[in-house]
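Letter by letter, the chains look like this.
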Amino acid sequence: MQQGSIIGGFLAPHPPHLVYGENPPQNEPRSQGGWEPLRWAYERARASLDALKPDVLLVHSPHWMTQVGHHFLGVPRLAGKSVDPIFPNLFRYEFGLDVDVELAEACCDEARAGGLVAKMMRNPDFRVDYGTITTLHMIRPQWDIPVVGISANNSPYYLNTEEGLQEMDILGKATRRAIEKTGRRAVLLASNTLSHWHFHEEPAIPEDMSKEHPENFEGYKWDMRVIEMLRQGKVDDYFKLQPQFIEEAFAEVKSGALTWMFAAMGYPNIPGELHGYGSVIGTGNAVMEWNLVKAGLAAPVETIPA
Amino acid sequence: MTIVSAFLVPGTPLPMLRESNPPWRPLADAYRQAGAALAASKPDVVLVYSTQWIAVLDQLWQTRPAISGSHVDENWHEYGKLPFDIQVDTALAQACIASTAAFGVRSRDVDYDHFPIDTGSIVAAHYLLKDAKTPMVLTSNNLYHDGDMTARLGAAAVACAAEQGKRVAVVGVGGLSGSAFREDIDIATDHLLTEADDTANRHMLGLLEGGDLAAVKAQAPAYAKAAKVDMGFKHLHWILGALGDRFQGARTLGYGPSYGSGAAVVEFRI
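Chains as they are written, first to last, in the working numbering: chain A, 1 to 306; chain B, 1 to 270.
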């Protein structure tokens with residue numbers, strides 16, 4: 001078996017507003033648009049993902065929060081109607097996803113080997129969280145690539161940020177080993193917003209963009225600072241700063257997705273491509289890509305022997 | 001009399017999912033006892049606040065007249081499904097929604113097929129109502145509300161029920177000490193994670209049993225902080241707000257662990 005590799009990673013936030021604004025047939029509510037710069041950012045990310053031709057997408061979502069260990073979707077097919085508990089007026093989405101159970105099991109095994117508590121989720125009636133579904137829709141609305149869904153263990157909140165993110169680092173490295181051993185060409189999706197200060201009331205017309213702006217100037221400045229670092233490839237510098245960013249910008253990366261993704265990729269100090277940035281109900285959202293094929297850190301698909 | 005009974009109950013699904021597990025059995029039995037007491041009080045409606053229904057925008061109230069299905073908990077999926085069949089007093093819920101603007105809270109109705117009903121509300125409905133068709137009013141835990149605001153919501157809900165001439169049972173759904181095991185355990189050996197948590201929980205239950213409102217209110221914040229009580233013990237504030245800070249005492253029907261955290265079923269004497 002050819003050794004697998006991670007061919008790219010995306011910061012792929014999950015505001016359901018983006019699905020709502022797009023009006024895909026799977027989503028029940030209809031909108032007049034909205035959040036176009038972020039949706040266009042995802043269009044660029046979709047094109048890039050398409051060119052990468054991955055075998056599998058792995059997504060780490062803060063809206064599947066678990067207490068005892070790190071959990072992995074482990075049912076071959078999961079389908080249903082996902083209604084966002086916070087924004088049920090915007091997101092009522094019929095989904096169906098195929099799970100790469102073999103890879104999920106390998107990730108789970110490697111996480112255990114790394115000393116983490118890890119579990120497979122085997123219940124066919126499980127309700128997949130809306131963060132996972134939103135990120136997957138926005139990056140690949142065709143739903144034609146198998147998925148590994150990973151929970152966000154609550155350690156960064158229950159223990160502390162440092163200990164929690166150490167677990168995510170171990171989880172990322174375990175994920176990489178599993179991908180290599182199973183021969184997959186994998187793309188990682190970190191389903192996180194940056195600054196997470198948000199408005200507490202929704203406009204009468206949610207997609208009225210005259211009401212949309214960063215909730216907090218300090219949060220916006222933090223977002224620009226970290227995006228610029230990441231654009232310049234100063235990944236090591238970013239991770240030194242991340243605890244302060246989390247503390248001062250209430251950043252959702254506390255839940256661990258970005259740490260997991262970069263740990264899996266080996267913290268490469270390569271420039272991230274910013275596809276776009278925008279606020280959603282005041283929070284800061286960036287769609288960014290780290291293309292390991294373009295960076296020469298993974299082989300393009302055409303060079304892989306059949 | 002508008003309020004006919006009041007209960008503090010846990011939202012953990014573990015007793016419902018594995019009733020036969022010895023450490024969880026007392027909670028299941030106590031929950032059933034509470035259900036019998038609730039039925040005996042003959043309420044027209046049950047007002048439920050669950051810490052596990054999280055909101056961050058507005059105050060959400062369930063307004064779908066009938067909700068049924070089954071739910072798999074995001075943590076305890078290995079133990080199976082939680083079936084539910086809940087009737088909602090939509091007229092009262094709508095009145096509650098209209099009432100909160102008076103104290104600066106915007107409320108919103110939730111009437112959607114497949115809306116994810118939270119585990120705590122499902123567990124409470126299962127044990128407290130069993131096959132009874134008594135309607136409920138379900139409301140959310142807005143993370144940005146403190147205990148005082150939650151108490152105002154409880155008071156507002158009771159006032160709305162009074163205006164409609166309804167007898168209500170008040171239920172606050174949430175846990176006690178929040179520290180829990182973070183690794184797989186033999187569930188037959190489940191116990192409170194720390195002796196300090198156990199002591200703190202028992203002390204607070206003692207204060208409730210004695211009806212010492214002043215001590216409860218004085219000590220609840222420190223207890224909530226020290227024992228990492230579920231959502232700052234806002235479910236107690238909901239009950240106290242609904243009761244107008246008046247109760248004679250309480251009876252702890254059951255107390256025990258839920259994977260190391262604290263859980264109790266408490267019936268208030270009103």
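Derived by calculation from the structure, the hints in this document are not laboratory data.
A hint or two may mislead.
[Claimed, not checked] Covered by chain B, per the in silico footprint, the following chain A stretches (three or more residues, Cβ under 8 Å): (1) 50-57; (2) 60-66; (3) 116-124; (4) 181-193; (5) 247-260.
[As the list claims (entries may be wrong)] Below are the DSS-like pairs computed for lysine-lysine, each with C-alpha atoms no more than 27 Å apart in a straight line: (6) B/Lys-228 <-> B/Lys-217; (7) A/Lys-173 <-> A/Lys-221; (8) A/Lys-119 <-> B/Lys-81; (9) B/Lys-217 <-> A/Lys-119; (10) A/Lys-181 <-> A/Lys-211; (11) A/Lys-173 <-> A/Lys-294; (12) B/Lys-130 <-> B/Lys-42; (13) B/Lys-42 <-> A/Lys-81; (14) B/Lys-133 <-> B/Lys-81.
[Claimed, not checked] Part of the chain B face toward chain A, derived, beta carbon under 8 Å: (15) Leu-57; (16) Phe-103; (17) Val-110; (18) Pro-116; (19) Leu-129; (20) Lys-130.
From the three backbone atoms N, C-alpha and C, an ideal C-beta is built for every residue, glycine too.
Hints, verified against the model:
1. Counting residues of the region 50-57 of chain A whose C-beta sits closer than 8 Å to any C-beta of chain B gives 0, which falls short of three, so the coverage hint is violated.
2. Remark: the region 60-66 of chain A is confirmed as covered by chain B, as 3 of its residues place a Cβ nearer than 8 Å to a Cβ of that chain, reaching the required three.
3. As drawn, the region 116-124 of chain A meets chain B at 5 residues by the rule of a beta-carbon pair under 8 Å; at three or more, the given contact holds.
4. Note: the region 181-193 of chain A has 0 residues with beta-carbon separation from chain B under 8 Å; the three-residue rule is not met and the coverage is violated.
5. Judged by the Cβ-Cβ criterion of 8 Å, the region 247-260 of chain A is not covered by chain B as claimed, because only 0 of its residues qualify and three are needed.
6. Of the supplied pair hints, the one linking B/Lys-228 and B/Lys-217 holds, its CA atoms being roughly 17 Å apart against a limit of 27 Å.
7. Distance restraint check for A/Lys-173 and A/Lys-221: the Cα-Cα separation of roughly 31 Å exceeds the 27 Å cut-off, and the hinted pair is therefore not satisfied.
8. Between the alpha carbons of A/Lys-119 and B/Lys-81 the distance comes to roughly 18 Å, so the proposed pair stays at or under 27 Å and holds.
9. A hinted pair counts as satisfied when its Cα atoms are at most 27 Å apart, and B/Lys-217 with A/Lys-119 does not qualify at roughly 41 Å.
10. Restraint check for A/Lys-181 and A/Lys-211: not satisfied, since their Cα atoms lie roughly 49 Å apart, outside the 27 Å limit.
11. With a C-alpha separation of about 22 Å, the suggested pairing of A/Lys-173 with A/Lys-294 holds against the 27 Å cut-off.
12. Proximity of B/Lys-130 to B/Lys-42 is assessed by CA-CA distance (about 14 Å); at most 27 Å being required, the pair is judged to hold.
13. For the given pair, B/Lys-42 sits about 37 Å from A/Lys-81 by alpha-carbon distance, which is inconsistent with the 27 Å threshold.
14. Under the criterion of a C-alpha separation no larger than 27 Å, the hint pairing B/Lys-133 with B/Lys-81 is consistent with the structure, at around 21 Å.
15. Annotation: B/Leu-57 was flagged as interfacial toward chain A, and the flag holds, the nearest CB pair being 6 Å apart, inside 8 Å.
16. A hinted interface residue such as B/Phe-103 counts as satisfied when its beta carbon comes closer than 8 Å to some beta carbon of chain A; here the least separation is about 15 Å, so the hint is violated.
17. Because the smallest distance between the Cβ of B/Val-110 and any Cβ of chain A comes to about 6 Å, under 8 Å, the interface hint for this residue holds.
18. At about 5 Å, the closest approach between the beta carbon of B/Pro-116 and any beta carbon in chain A falls short of 8 Å, and the interface hint on this residue holds.
19. Annotation: B/Leu-129 was flagged as interfacial toward chain A, and the flag is violated, the nearest CB pair being 22 Å apart, outside 8 Å.
20. Checking B/Lys-130 against chain A by beta carbon gives a least distance of about 23 Å; that is not within 8 Å, so the hint is violated.
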